[in-house]
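Q: Given these sequences and hints, build the entire structure.
As they're listed, the protein sequences go chains D and A.
Letter 424 of the first sequence, counting from 1, is numbered 424 in UniProt numbering, and no numbers are missing.
Letter 238 of the second sequence, counting from 1, is numbered 238 in UniProt numbering, and no numbers are missing.
A portion of the hints provided could be inaccurate.
Said to hold, decoys possible - Restricting the straight-line Cα-Cα distance to at most 30 Å, the calculated cross-link-like pairs of lysine-lysine (DSS-like) are:
1. D:335 x D:234
2. A:213 x D:72
3. D:63 x A:74
4. D:444 x D:335
5. A:74 x D:69
6. A:213 x D:276
Unchecked claim - Non-contacting residues of chain A with respect to chain D, defined by C-beta distances greater than 12 Å in every case (computed):
7. 64
8. 77
9. 90
Said to hold, decoys possible - Chain A side only, calculated, beta carbon under 8 Å to chain D, not exhaustive:
10. 45
11. 52
12. 115
13. 118
Hint data in this document are derived by calculation from the structure and do not stem from the laboratory.
Ideal Cβ positions, reconstructed from N, Cα and C, are used throughout, including at glycine.
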Amino acid sequence: MKIKAQFGMVMNLDKCIGCHTCSVTCSNTWTNRPGTEYMYWNNVETKPGVGYPREWENNDERKGGWHVKDGKLQLRAGGRVSKLLNIFYNQNLVQIDEYYEPWTYDYENLINSPEKDHQPVARPISQLTGEYMDITWGPNWEDDLAGVHETGKRDPNMRNLDEQIKFEFEETFMMYLPRICEHCQNPSCVSSCPSGAMYKREEDGIVLVDQDTCRSWRFCMTGCPYKKVYFNWKTHKAEKCTFCFPRIENGQPTICSETCVGRIRYIGIVLYDADKVLEAASVEDEKDLYEAQLETFLDPFDPEIQKEARKQGIPDDWIEAAQHSPVYKLAVEQKIALPLHPEYRTMPMVWYIPPLSPFMNALGGQVDSLSPDVIFPTINQFRIPIDYLANMFAAGDSDVIRNVLEKLVAMRSYMRSVQLDKPFDKSILERAGMTEEIAEEMYKLSAIAKYDDRYVIPKSHREDAGDMYAQQGSGGFDFMEACRSCMGGNQGDADPMEFYESGFWRELDEDSSKSV
Amino acid sequence: MSNLDIFFWLVFPYISLTIFVLGHIYRYNTDQFGWTAKSSQFLEQKRLRIGSTLFHYGIIFVFFGHVAGILVPKALFDFFGITDDMYHFGAIWFGGAAGVAVVVGGFLLFLRRVSIKRIAKNSSVSDYVALVTLGVVVLIGFTNTVGYTATGGEFDYRVVIGPWMRGILTFQPAPELMANAPIGFQLHVFTAFVLFAIWPFTRLVHVFSLPLKYLNRRYVVYRNQHTHDLSKLKKRKEFH
Chain D
1 MKIKAQFGMV MNLDKCIGCH TCSVTCSNTW TNRPGTEYMY WNNVETKPGV GYPREWENND
61 ERKGGWHVKD GKLQLRAGGR VSKLLNIFYN QNLVQIDEYY EPWTYDYENL INSPEKDHQP
121 VARPISQLTG EYMDITWGPN WEDDLAGVHE TGKRDPNMRN LDEQIKFEFE ETFMMYLPRI
181 CEHCQNPSCV SSCPSGAMYK REEDGIVLVD QDTCRSWRFC MTGCPYKKVY FNWKTHKAEK
241 CTFCFPRIEN GQPTICSETC VGRIRYIGIV LYDADKVLEA ASVEDEKDLY EAQLETFLDP
301 FDPEIQKEAR KQGIPDDWIE AAQHSPVYKL AVEQKIALPL HPEYRTMPMV WYIPPLSPFM
361 NALGGQVDSL SPDVIFPTIN QFRIPIDYLA NMFAAGDSDV IRNVLEKLVA MRSYMRSVQL
421 DKPFDKSILE RAGMTEEIAE EMYKLSAIAK YDDRYVIPKS HREDAGDMYA QQGSGGFDFM
481 EACRSCMGGN QGDADPMEFY ESGFWRELDE DSSKSV
Chain A
1 MSNLDIFFWL VFPYISLTIF VLGHIYRYNT DQFGWTAKSS QFLEQKRLRI GSTLFHYGII
61 FVFFGHVAGI LVPKALFDFF GITDDMYHFG AIWFGGAAGV AVVVGGFLLF LRRVSIKRIA
121 KNSSVSDYVA LVTLGVVVLI GFTNTVGYTA TGGEFDYRVV IGPWMRGILT FQPAPELMAN
181 APIGFQLHVF TAFVLFAIWP FTRLVHVFSL PLKYLNRRYV VYRNQHTHDL SKLKKRKEFH
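A: Structure below.
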């Protein structure tokens, strides 16, 4: 048994309001550099829809993740030999246009335009070419179902659903899906990197790119089925979500979680048996993958496990954090969080509590003193089709989704009866496989959602770390420091003080002799 | 043998090779971040497909062709009973085919770089310098093969340029050999050494990063912050 600790995140989709605050704060923190304008390490998609990049879930075409072939787990885009043979041209690379061509606006024109009959406008300018462009696709193009009556048909999660009906206006449904890197237990991006530049941190499972080792072979981008490894087209290096490791190491939540106004995110660690991962990812039937992944997680309350974990060098405070981990509670104990697309076989570590749809509405507002015979069949009539959620979170197994929704509904009816002091048919809880204590705890974690309950983040033991200076540049992102003197690059480097000295404060500065 | 010959066929090659070797060591130790293939496939791939594939496979074959023709002594071929006719048949037809692939592929890549705005705007001076120098070397070399050797030229580079090159590499230079070579071959050799001199400062360094290690590596790479052997990394940082 090889015990590893792994950070995970759970997002409660019932509470996501699609405000994109997570995307904005993430982008402001990490991706406002040249070459990264188009990247959203965190993005929020409206589902159904083709998403960002377009049709990222269509891995029959995109070839991300793993599949089982001849009884063996193999990279879908091809193994080692095929990668090296295709190194000069990656057959399955997703182009920047599928994300979107980054642009800015010709703001100068607003100021410099001479007097005219019409208002001056700021036309969009491509950041790739510096020329005027027509915007035909962009981030969140499908926000709140915009255009989805067209694009939504290409959403792979719609397979096996009666599409015709679901895109009728009266039948439409939608939900938000915030996405970051999954920091998988069995990462196919790491496995696809020929240079060995991508790695998983042994201590906490965070997946990073060593920018000094990346050689621009771009197979990681194809390898990731979630399309969460990006290509910086200016530095020619891969970049991705770092799980905000500088914050995490200090016990703080990621910036997307910290700023989430809906408080939908939970961060914690799980202990898992690394020796079981390959076997779990290789199970024949896709529908068994969810359970197989759960099997890899270890019980942090088991004294035997604790003893072994200590022996293998996992610190005590980390074992304690694993016991209080909201991720462990939601995924393993309460079993209401589910992995996104387990069928990609990467064993993702960002899990989701599926949304209930407008709950009161589905029950006609009559939610008091309901019997299980009324509540549970109603779940099948929810606005968001169970099969759709099943295609997203359970490899098509609708029973898994039904179980989770039953629990969520049971918890709500129970808590409603408690709060309003109404009679309650306890068989509802029993049928959902719950006890009053579990319902109580679920309620606390999902509805009250205290900061300290949502984020149980053990600090990293930096006192044991090696030479941090030597590790510089291997932590996932870097700035453009390419051999400037020898490359004769055509991009001058802006001196941050230049603006200041060239007379930005001229009006305040009495001595203007120094300014331009 | 004039002083000019000494410069071209003795001094310059050594200057060039010195820059080549030291330049790579310097760049590797100071600029890991800039050491990449600089792929632009993410911005444009339709036109890259044929150009890049033809060019790269062609040039790999051409490289091994040069090894066989220049670095391997003719005597070895004779020893294995490979006659001149057999050798030249292979060199002209297979080498020629690889040459066509390189020339066509390289030309497509050049066209792509200058005509597609996204690529042109994001190309650095070094990209153009590398591409054009490489293009000149390739075109002259290809002309020699097609226009001279294949049309029955008397000159056998295996008994002139081969020994000269091996002399350079073994520090027993014989510049007089090159002095009498046909001008086409002289130009090819000279421009090649210009290319070697600029090589370490361009994207061409990615040639040395062909990730063969991947073939027998385990798929998932872990790194440990605590016990990870950082001596190599550390050395690199101390180089400054």
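Q: Now look at each hint and say whether the structure bears it out.
A: Status of the hints after comparison with the structure:
no. : hint          : verdict
1   : D:335 x D:234 : violated, 43 Å
2   : A:213 x D:72  : holds, 22 Å
3   : D:63 x A:74   : violated, 48 Å
4   : D:444 x D:335 : holds, 15 Å
5   : A:74 x D:69   : violated, 49 Å
6   : A:213 x D:276 : holds, 26 Å
7   : 64            : holds, 16 Å
8   : 77            : holds, 30 Å
9   : 90            : holds, 24 Å
10  : 45            : holds, 6 Å
11  : 52            : holds, 5 Å
12  : 115           : violated, 12 Å
13  : 118           : holds, 5 Å
Hint compliance for this structure: hints 1, 3, 5, 12 are broken, all remaining hints hold.
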